[in-house]
Amino acid sequence: MIKCVIIDDEYLARERLKKLLNSQSDVVVIGEARNGQLGVELIQTKAPDLVFLDIQMPDLDGFGVINKLDKIPYIVFTTAYDHYALKAFDIHALDYLLKPFDEDRLDDSLKLVQERISADQSALLTNQMKSLLKTFDRPNDQFRYSFLIKEKGFENEVQVDDVIYMETQGNYVKLVTTSRHYLFRIAMNILETELDPKHFVRIHRTYILNKNWIVKQSYQGNNEFQFTLKNGFKVSSSRSFKKHITAHTADQ
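So that you can map any letter, position 146 of the sequence shown is 146 in UniProt numbering, and since no number is skipped, the others follow by simple counting.
In case anyone wonders, no lab produced these hints; they're calculated from the structure.
Here a beta-carbon is modelled for each residue, glycine too, at the ideal position from N, C-alpha and C.
Warning: the hint list may mix true and false statements.
Have a look at the derived ranges for each label pair, beta carbon to beta carbon [to be verified]:
id, residue 1, residue 2, range
1, Leu183, Lys211, 18 to 28 Å
2, Lys242, Asn156, 14 to 24 Å
3, Thr178, Val28, 49 to 59 Å
4, Arg105, Thr246, 42 to 52 Å
5, Gln217, Leu148, 30 to 40 Å
6, Arg34, Ser118, 28 to 38 Å
7, Val235, Ile117, 44 to 54 Å
8, Gly221, Lys46, 47 to 57 Å
9, Lys234, Lys68, 32 to 42 Å
10, Arg105, Leu148, 15 to 25 Å
11, Lys234, Asn189, 41 to 51 Å
12, Lys71, Ser118, 15 to 25 Å
13, Leu98, Lys234, 34 to 44 Å
Turn these sequences into a full structure, and let the hints steer you where they fit.
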């Protein structure tokens, strides 16, 4: 019997996956967590054989969860749209499930996990995970280059360079382009690490700006600045991001 846990901040995704897993005769769900930190605690206390782990969660994402573990169980990543991650999984022979979950695809994942458990490949898996995490340290030429947006059954790929600015909206980030805006589900702190600092600067906990669209930067006093973009949008920085802005100014 494979003991598994589900870590996902989306309630409906957890319920759908739990329903599919409960129909399996050789799998038992022993716990679930709604965020990364609770997920770490769940893994440490329950010691599952298998973890279904969402990649993109606010505050602590799937990779952050793995980084906090000394012993890594078998992992099946779950994701909605991250092309970059899928490519990395393929390279490192790790399995993943695309949302919405498919029963046949889940069966394939469970077969793969069962084969690894039977072959006792836990040490190999740990090495693969560590290798994957090194990949996500992101050398200068490996920053995010696009966003895959799913809307009403259709997919739109938005190039990072086409985004004028980004604004936090709950668990989403609003991507503003010249033609329209899109909502992309990711924590701003995570997104900031995926963007090339040569081209983007975070000026506020709510805003990241495309440097190529900044036409004016004026000091407002009290370590705060106002930025004017080519499209006429104006936004003020916060004092806590002064270092980011100083680095941006030095690059010019």
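Evaluated hints:
Checked against the hint of 18 to 28 Å, the C-beta distance between leucine 183 and lysine 211 comes to roughly 23 Å, which is consistent with it. For lysine 242 paired with asparagine 156, a C-beta distance near 35 Å fails the hint of 14 to 24 Å. Checked against the hint of 49 to 59 Å, the C-beta distance between threonine 178 and valine 28 comes to roughly 51 Å, which is consistent with it. At about 48 Å, the beta-carbon gap between arginine 105 and threonine 246 stays in the expected band of 42 to 52 Å.
The hint said 30 to 40 Å for the Cβ distance between glutamine 217 and leucine 148, and at roughly 32 Å that hint holds. At roughly 32 Å, the beta-carbon separation of arginine 34 and serine 118 lies within the given 28 to 38 Å, and the hint holds. Between valine 235 and isoleucine 117 the beta carbons are some 52 Å apart, a value that agrees with the proposed interval 44 to 54 Å. In this structure, glycine 221 and lysine 46 meet the distance hint of 47 to 57 Å, their C-beta atoms being roughly 53 Å apart.
The hint said 32 to 42 Å for the Cβ distance between lysine 234 and lysine 68, and at roughly 40 Å that hint holds. Between arginine 105 and leucine 148 the C-beta distance comes to about 18 Å, which sits within the given range of 15 to 25 Å. The supplied range of 41 to 51 Å is broken by lysine 234 and asparagine 189, whose beta-carbon atoms lie about 24 Å from each other. Distance hint check: the CB atoms of lysine 71 and serine 118 are about 19 Å apart, consistent with the given range 15 to 25 Å.
The given range of 34 to 44 Å is respected by leucine 98 and lysine 234, whose C-beta atoms sit roughly 40 Å from each other.
Checked against the numbered hints listed earlier, the structure breaks hints 2, 11; every other hint is satisfied.
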